[in-house]
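Going line by line, the protein sequences match chains A and B. Our numbering puts the first residue of the first sequence at -12, with every later residue one more than the last. Our numbering puts the first residue of the second sequence at 87, with every later residue one more than the last.
It cannot be assumed that every hint is accurate.
[As the list claims (entries may be wrong)] With a straight-line Cα cutoff of 25 Å, these simulated DMTMM-like cross-link-like pairs (lysine to aspartate or glutamate) come out:
| # | chain 1 | residue 1 | chain 2 | residue 2 |
| --- | --- | --- | --- | --- |
| 1 | A | Lys19 | B | Glu131 |
| 2 | B | Lys124 | A | Glu27 |
| 3 | B | Lys127 | A | Glu32 |
| 4 | A | Lys33 | A | Glu48 |
| 5 | A | Lys26 | A | Glu40 |
| 6 | A | Lys53 | A | Glu11 |
| 7 | B | Lys157 | A | Asp(-2) |
| 8 | A | Lys33 | B | Glu134 |
| 9 | B | Lys124 | A | Glu11 |
| 10 | A | Lys26 | A | Glu16 |
| 11 | B | Lys127 | A | Glu48 |
| 12 | B | Lys127 | A | Glu11 |
| 13 | B | Lys164 | B | Glu152 |
| 14 | B | Lys124 | A | Glu32 |
| 15 | A | Lys19 | A | Glu40 |
| 16 | B | Lys124 | A | Glu4 |
| 17 | A | Lys19 | B | Glu120 |
| 18 | A | Lys0 | A | Glu16 |
| 19 | B | Lys128 | A | Glu20 |
| 20 | A | Lys0 | B | Glu120 |
| 21 | B | Lys128 | A | Asp(-4) |
| 22 | A | Lys0 | B | Glu152 |
| 23 | B | Lys127 | A | Glu4 |
| 24 | B | Lys128 | A | Asp(-2) |
| 25 | B | Lys157 | A | Asp(-4) |
| 26 | A | Lys0 | A | Glu23 |
| 27 | B | Lys128 | A | Glu48 |
| 28 | A | Lys26 | B | Glu134 |
| 29 | B | Lys124 | A | Asp(-4) |
| 30 | B | Lys127 | A | Glu20 |
| 31 | B | Lys228 | B | Glu171 |
| 32 | A | Lys53 | A | Glu16 |
| 33 | A | Lys33 | A | Glu20 |
| 34 | B | Lys234 | B | Glu173 |
| 35 | B | Lys149 | A | Glu4 |
| 36 | A | Lys8 | A | Glu60 |
| 37 | A | Lys8 | A | Asp(-4) |
| 38 | A | Lys0 | B | Glu131 |
| 39 | A | Lys26 | B | Glu117 |
Just so you know, these hints were derived from the structure itself, not from any lab.
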Amino acid sequence: MPDIMNDVDSDLKIFLEMTSKPVEQNFIELTKEITELGKEQVLSEKEFNIIIERLFSSYVESLANKLIVKNFEALIRKGSLIS
Amino acid sequence: MEKQDKAGAEKPDGKADHEIETEDETAAGIEAVENLPKPVKKKVEYFEMMAAGISPVSPFAGKLSEKHIDKILEIQSKQIEYTHETEKQARNHFLVIYLATAALFLTIILSLAILGKDSLLLDIIKIVSAFACGFAGGMGLKAHINRKK
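Excised from the complex, chain A in its bound form (with noise of 0.2 Å):
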């Protein structure tokens, strides 16, 4: 299907790029482009610390719930949820 290739090529792309790669790596090569557009000036000062508070709220929400699937592993490992 060539026609949807051409259309999401450049989507796919980073798409495909983005699910390869842990949220880890994801998140700072993600700070450094938009510290570089902020650098840039692309972005204002209110936009570069609103976009920057919003990676690092999403990035801790990931951290939260990998701890919460930890621990739900550990309990059932344990059996405490099954008894």
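Knowing the structure of chain A, use the given hints to seat chain B on it.
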């Protein structure tokens, strides 16, 4: 009344100060992301989805039309047909080989019986029985392993 003042003054539209602030922040956040260059905007969106534990929606999803779905289904049905045909052919080949081998052994056994060569016939029957048992055992073991999987 004092409690309400501490929590934040109620506005005439019923929203507290902190609610209005949160709405402003969200709107500013959306606007800031909208102003980003397209590839970076996509990256931020995908990152937020991944971080929230939501599987990012594949860029293919919004682009698929009825035609594409029809084509995908057509290819899949062709693939199923091809697999079915291959399996059928393999089954037929196995049956032909099985029948030919059985006919050959039957002919040999009958010929030896007619000619009266009992000792040779006994040896052949022993070998054929051992072979058949081994083959059946192997098939049974394979089926058992497949069932366990």
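**Message:** Checking each numbered hint in turn, tell me which of them this model violates, lowest number first.
**Reply:** Per hint list: zero violations.
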